[in-house]
Amino acid sequence: MSKADLHLHTDFSDGLHNPRQVVQAAAKVGLQIIAVTDHDTMEGAFRAKEYSLRRPDLGIQVVLGEEVSTLNGHVIGLFLQKFVPARLSAKRTVQLIHQQGGLAILAHPFHMYTGRASSHPKAVEIIEEIPFDGIETINHGDALSFWSNKKTKKIIDRHRLAAIGCSDAHNSRFIGMGYTEFDGNTAEDLRAAILTRRTRAQYNRSWKIKDILLHLKDAAPVLSRYRKNAAMV
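Per this note's numbering, residue 4 is the first one in the sequence shown, and the count goes up by one each step.
In case anyone wonders, no lab produced these hints; they're calculated from the structure. Among these hints, one or two may not hold up.
[Unchecked claim] List of simulated lysine to aspartate or glutamate pairs, EDC-like, C-alpha gap at most 20 Å:
(1) K6 <-> D60
(2) K211 <-> D221
(3) K231 <-> D14
(4) K231 <-> E53
(5) K52 <-> D192
(6) K6 <-> E132
(7) K31 <-> D60
(8) K157 <-> E128
(9) K220 <-> E132
(10) K85 <-> E132
(11) K94 <-> E128
(12) K6 <-> D186
(13) K156 <-> E184
(14) K153 <-> E184
(15) K156 <-> E128
(16) K156 <-> E191
(17) K157 <-> E131
(18) K6 <-> E191
(19) K94 <-> E131
(20) K125 <-> D14
(21) K94 <-> E46
Given these sequences and hints, build the entire structure.
The structure is reproduced here in structure tokens:
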């Protein structure tokens with residue numbers, strides 16, 4: 004059994020730590036695979052992968068990813084080769100991800116902030132029209148995520164999607180709080196597990212008071228970075 008955190012951020016978007024620090028943090032919490040999924044950029048993912056290849060002793064495989072801002076909310080692209088542009092429909096975004104051999108994951112579909120444009124429906128509201136490969140049933144991005152996660156778990160069987168667990172960490176301290184468990188050891192094993200719906204979404208630990216306080220302290224710099232990144236797209 005291996006563990007993969009498939010949604011986390013570096014300082015190339017709104018994360019607080021650089022790709023090297025993210026890889027190092029992942030190694031410390033017993034993960035085998037991470038996907039760096041910065042908002043609307045892949046630069047951090049490329050840097051993290053390069054570093055992981057230079058440091059095989061850390062035992063971390065990096066999947067190239069991106070959290071794409073679509074008109075219908077955030078979509079995670081995994082196993083990407085190149086950047087996917089923002090501000091398209093979720094359906095078109097998933098098509099572009101699949102065209103380059105990637106996998107498409109619906110991110111935090113019921114969270115209070117999905118990232119959609121106000122004049123468009125949430126992706127989860129039109130999910131039958133979009134060929135997602137998986138859906139985040141555990142997104143441990145903040146202390147209130149349990150509400151979104153609970154609602155997502157109720158719909159996953161109906162849509163036959165792979166269950167994805169992740170931390171959505173913007174601070175490397177929180178990497179691995181949520182993760183995807185799968186049989187195998189490699190990124191290709193993970194890919195196969197997602198395609199055959201044989202993944203399990205898990206969480207490592209619950210939010211504690213000190214975590215919540217640190218998360219609140221991070222809020223201002225994270226939001227500032229997110230706005231700056233959004234303005235550049």
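Status of each hint after checking the structure:
| no. | hint | in the structure |
| --- | --- | --- |
| 1 | K6 <-> D60 | holds (17 Å) |
| 2 | K211 <-> D221 | holds (15 Å) |
| 3 | K231 <-> D14 | holds (11 Å) |
| 4 | K231 <-> E53 | violated (25 Å) |
| 5 | K52 <-> D192 | holds (18 Å) |
| 6 | K6 <-> E132 | violated (30 Å) |
| 7 | K31 <-> D60 | holds (12 Å) |
| 8 | K157 <-> E128 | holds (14 Å) |
| 9 | K220 <-> E132 | violated (39 Å) |
| 10 | K85 <-> E132 | violated (24 Å) |
| 11 | K94 <-> E128 | holds (12 Å) |
| 12 | K6 <-> D186 | holds (9 Å) |
| 13 | K156 <-> E184 | holds (16 Å) |
| 14 | K153 <-> E184 | holds (18 Å) |
| 15 | K156 <-> E128 | holds (15 Å) |
| 16 | K156 <-> E191 | violated (25 Å) |
| 17 | K157 <-> E131 | holds (15 Å) |
| 18 | K6 <-> E191 | holds (13 Å) |
| 19 | K94 <-> E131 | holds (10 Å) |
| 20 | K125 <-> D14 | violated (27 Å) |
| 21 | K94 <-> E46 | violated (24 Å) |
In summary, the numbered hints that this structure violates are 4, 6, 9, 10, 16, 20 and 21.
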